[in-house]
Each structure stands twice: as C-alpha cells, then as structure tokens.
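K.L.:
Sequence:
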Amino acid sequence: MVPLPVAGLMSDKRVHLVAGEVEAEGLPFIRPLCLEYPDDPVVLDIDDEYLFGSDILVAPVFDDSMDSQKRRIYLPEGTWYDFFTDEKIEGPVFIEREVSIKDMPVFVREGAVVPRVVVSEETRWTDDLQNQPWTVHV
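Residue 46 is where the sequence shown starts when you use the numbering used here, and the numbers rise one by one after that.
Honestly, the hints are just simulated from the structure, not real lab data.
Some hints here could point you the wrong way.
As the list claims (entries may be wrong) - Cut-off 25 Å, straight-line C-alpha distance, at most; resulting in silico cross-link-like pairs (PhoX-like, lysine-lysine):
# : residue 1 : residue 2
1 : K115      : K147
2 : K147      : K133
3 : K133      : K115
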C-alpha cells in the first residue's frame, strides 16, 4: 500500500501505462530529464527534477518544513500542465513556485493520458480507492 498523497498521482492505472512503455522501450520508470531531452543543454545541469515515464515531470521539495519556499523549476520544450491546477505553460522555460513539503510540483506533458481519482481527506491508502470512480485526464 502506498501512503497518500502519492496515490492520487501514481495510481495503479498510471503505473501500468508506464510499465508498458518500460517494457517496450527498455527505459526506466524514473528518468533524468536528459534521457528524454538529449538535445536540450539546460537539462544536463538539472539534478533536482525527474520524469515519471515520459509525460510526468516531478520537482520534489527537499525541505521538510511546512513553511512555503520558492522553488525554481525547468520545463523542457513542449506544452505542460500543472497537475493540480491545469495551468498551461509553454516550455522551454524556468518558472518559480511557492511550495512546501505538502505541495510537490508536478507537471504533465500535453497529450498524456493520466487516470485520476478524487482523493478525500478520509483516504489513507490506495486500497481505499478501489471502488471509487476514475476519470481519464488527457
């Protein structure tokens, strides 16, 4: 079982989609940006972001304080959407976000298929989501 809030993003359905990509192409689940963007010289210096599969960019928060802090994030070429707000952002671009340990920045590349489920405050484990309705976010 996976503790929340990771469950809302790393659902069994999304993991299954990425696993198919991993099997077909021999690429890892978790990828450095330079693996997907080898011609982008900026990504060679980025070691604090990663891709989950080819379509989800994660910018972890390393400070365990509940206080907000500024986080500089690089989005490679393409159209990206903030996973939580659906804000559209055109890359390549550096952006800044106010984040805390409970607000991990996640961005989804345009055209990606992301299964979603509503996660309530009562939800504690992925098993709690088994009978919930899912939607597909594209």
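K.L.:
Look at each hint and say if it fits the structure.
P.N.:
Right, here's what the structure says about each hint:
no.	hint	verdict
1	K115 <-> K147	14 Å, holds
2	K147 <-> K133	22 Å, holds
3	K133 <-> K115	20 Å, holds
Comparing the model with each earlier hint shows no violations; every hint is respected.
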